[in-house]
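Trainee: Residue numbers (my numbering), protein chains in the order written: chain A, 11 to 276; chain B, 910 to 1242; chain C, 40 to 311.
Source of the hints: derived by calculation from the structure; they are not laboratory data.
All of these numbers come straight from a predicted model, not from anything done at the bench.
Don't take each hint at face value.
Which chain B residues stay away from chain A? Per the calculated CB distances, all over 10 Å, these [stated by the list, open to error]: (1) 952; (2) 996; (3) 1198; (4) 1239.
Quick look at which bits of chain A chain C covers, simulated, 3 or more residues with Cβ under 8 Å [said to hold, decoys possible]: (5) 121-129; (6) 153-159; (7) 245-257.
Simulated pairs of lysine-lysine, PhoX-like, Cα-Cα distance not exceeding 25 Å [claimed, not checked]: (8) 1152(B) / 111(A); (9) 188(A) / 1083(B); (10) 12(A) / 127(A).
Cβ atoms here follow ideal geometry from the backbone N, Cα and C, with glycine treated the same way.
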Amino acid sequence: MKQVKRMLRMHRIFVTQELKRMMEYKGDFIVGIIGFLLGQFFNLLFLWIIFSQIPNLMGWTLEQILFIYGFSLIPKGLDHLLFDNLWSIGHFTVRKGDFDKYLTRPINTLFHVMVEKLQIDAFGELIMGIALICISVPSVSIEWSVSKVLLTIAVIPFATMIYVGIKTATAAIAFWTKRSGNITYMFYMFNDFAKYPVTIYNNVVRNIITYIIPFAFTAFYPAKYILTGDNPLFNIGMTVLLSIIIMFIGVIVWNKGVKAYESVGS
Amino acid sequence: MISVNNLRKEFKKTIKEPGLIGSFKSLFHPKCEKVVAVNDISFEVPKGEILGFIGPNGAGKSTVIKMLTGILTPTSGTCTINGKNPSENRKSYVKEIGVVFGQRTQLWWDLPLRETYGVLKEIYEVPDDRYHKQMAFLNEVLELDSFITSPVRTLSLGQRMRADIAASLLHSPKVLFLDEPTIGLDVVVKDNIRKAIEHINKQEKTTVILTTHDLADIELLSKRIVMIDKGSNMFDGTISELKSKYGQIRELNFETDAKDIEQILNYKQHFGFNDDDIKIEKEANNVTVKFNSNAVPVSDMLSYTLDKINISDISVKDADIEEIIRRLYKQGV
Amino acid sequence: MIKKLRIYMPFVNAGMQETTTYRANWIFLMLGNVLGCFVSYFIWKAVFVSGTDSSLNGFTMPQMVVYIFLMFLTSTLISSGGTYDIGEEIRDGSISMRIIKPISYNATFLFQELGNKLLTICILIVPMVVGVEIVRTVISGTVQFEIQGFLLYILSCTFAYLINFFFNICFGFVAFIIKYLWGANMMKNCIVGFLSGTVIPLAFLPDILEKIFLFLPFASLNYTPVMIYMGKYSGISLLYYLGLQIFWVLFFWGLSKLLWYVSIKHLSIQGG
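Sequences and hints are given; from them, build the entire structure.
Mentor: See below:
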């Protein structure tokens, strides 16, 4: 308990530092947020153009797709906002020898790395995600109930954890290879699949993004439950279960990686 | 206090072949090779000592330091500080040490300096009163006041180094590792930093392990040095021991208006010196002769020189430590 | 000429070494990008299944497949990382190492990147082109590959690369001057991605937008080479689009010279 309290306190302190840092570079951050918004905007334009050619996409209406898409941006944005520093481990921290710093400090390395940065341009994704959900909700006829609202809120941290776990595991590969940014990148490309209904994919892809790199649980399955109320045990329960398993794997790989780094250095 | 026993470290290294074909080969089939960075190093450091840890480039110094600071795990051998072993409990071990890598900074680059100390206070769980006391002390010794509110990226190299040293001492560590703390600094700043290190060592009884290429750091700060080369111990002892063991080089200085002194004096042939044992430098009328006093006694050199040419103002000096170490680095032991 | 080029050989070599040092990293980058292609592939498949027409804006499903994978190949061939490098080098001062050498600043970047690219080209181009050609042959029942079309594609890619290279250099200087390196880069990638047809073929856009976008330099990057390969441009239009590419190469080359001059001045005023 004391440990948790200390971690929360540390987290708050790091976040405050980051906010101060951002104030120093306001312009860059604003341009970054606009950049992300713009990126999302072009993706939506793409969807809109596609739907101008067809009545629905394999049974899914534009509004439903927008809802799923919008929902997918929430865990993605949260992961991006809070845990983005893991990227730099694979891209340059290990390669440039800057990881040494973390090892000479008396706090858990993974925790230290995770909370050190705040990636404010993630607000581009979060804003767009929330906007899309708000826009699409009136036209997708969701039956709301108390339990559904609670489950919806509860599933978001777990969905985020799927991202964090995968990023932790893949970033940790850099401890062996010096550089793993692109492995993380490759895994992250799978989350592009998750923005759309998995029913449009063939079996191979569907199984991969459901059971192996389960990005489908960061968006499609929870969103499907919200839209239809179907099978909460699978759509929500599996999200929770898989996210825990993945985070667990991530932590194990990380710890093994740090051990390996200690034996090789950079 | 610190005890280092038979430390050894091996690495694997990928070999690259030159050219386009080589690039292709290593793209798919990299070759590896074992490299021994640290072969067998042992030494002890008692509490409160400033130890100069030196050696030529590539001797394995930074690998040793990384093992001592818990960044690298030794292949074999141990290092302990107060009985604590970094590979057993890193977190409690690193609370006992402070580390400054002169080429890198642990300060938050974009924030005012003060913020860094605030964060480090939390990381090392320094209680408030202890923090204020320590900050006041560090402020006094390292004179941080004038730039503590400036963003770190705007600090000069000397200010940054002072700030980094303060950052490493915030949690009052028992051992301070300084890796090249005066690199790239001007003479005055170097002096200030040395004084500060000495002050901290005296006041806090902090044990200091100092790696440097600037031998003045060593001469002014440390009584004892450990020298390594090719991953093995080369010398361990005080500076005067180093001088008496390897300081057989003496310097003969004199003024003369004679020309062609090499021809006239011709020490090499007369005494049968080896190439390494004698060196003559001439600048205008000033002549410096460095020679091995084990090969030829000083008195013989003196009388022979006085005999051969007309001389004014002659003197004999012990070789300075720099000269000794230059010779040691060059030839190994 | 040969002698002049020899000076730059070490840079080509350095570029190659860079790629091989982190070979696994490079392979994963490529795999990640191929995955991106598959996302597009499945969406388009769903679109064609859901629609009633077998052809949308002049693209059949198999043509769309060819389009997606050619787009990937082209983007990889013409990619250029100058923006970030220049900003970083100016910031950390290592740019002065390039300035003091008696060789062209742009050329050192160019040749280093060529070294990087040489391996990419050797490894990617054959399987991609063979794959695309198999798809095309299966669809039409006859071999579609024409050496002439392929060579024109390569020519067009070369122009596209040069546009991209000089454009990125210009952008790097601008980003440096306005200081928003990271955010600006992010924004640029989004805009270029869309306007160059990577997200959706420009033919799908409303007529007026398509016309405007086709003239902009971004279409000259990815879209033109791919259209040439697919045989959508021929005769006069082929010449027109190649000419347009040359125009943009010259335009950005000139602009980069100008900005280089301005930045150096800016740099010396600021004192680095």
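Trainee: Taking the hints in turn, state whether each one holds.
Mentor: Hint-by-hint comparison with the structure:
Look at residue 952(B): its CB is around 21 Å from the nearest CB on chain A, clear of 10 Å, so calling it non-interface holds up. At roughly 8 Å, the least C-beta separation between residue 996(B) and chain A is not larger than 10 Å, which violates its mark as non-interface. Once the 10 Å rule is applied to beta carbons, residue 1198(B) is consistent with being away from chain A; the minimum gap is 46 Å. Annotated as non-interface, residue 1239(B) keeps its C-beta farther than 10 Å from every C-beta of chain A; the closest such distance is 28 Å.
Here's how the stretch 121-129 of chain A fares: 0 of its residues keep a CB closer than 8 Å to some CB of chain C, so the rule of at least three is not met and the hint is violated. Counting residues of the stretch 153-159 of chain A whose beta carbon lies closer than 8 Å to any beta carbon of chain C gives 0, which falls below the threshold of three, so the coverage claim is violated. With 0 residues bearing a CB less than 8 Å from a CB of chain C, the stretch 245-257 of chain A misses the requirement of three and the coverage assertion fails. Our distance criterion of 25 Å between C-alpha atoms is broken by residue 1152(B) and residue 111(A), whose separation comes to about 37 Å.
Between residue 188(A) and residue 1083(B) the alpha-carbon distance is near 32 Å, which puts this suggested pair outside the 25 Å criterion. Taken as a hint, the residue 12(A) and residue 127(A) pair is honoured in the structure, with Cα atoms around 23 Å apart against an allowance of 25 Å.
Hint check: violations occur at hints 2, 5, 6, 7, 8 and 9; the rest are consistent with the structure.
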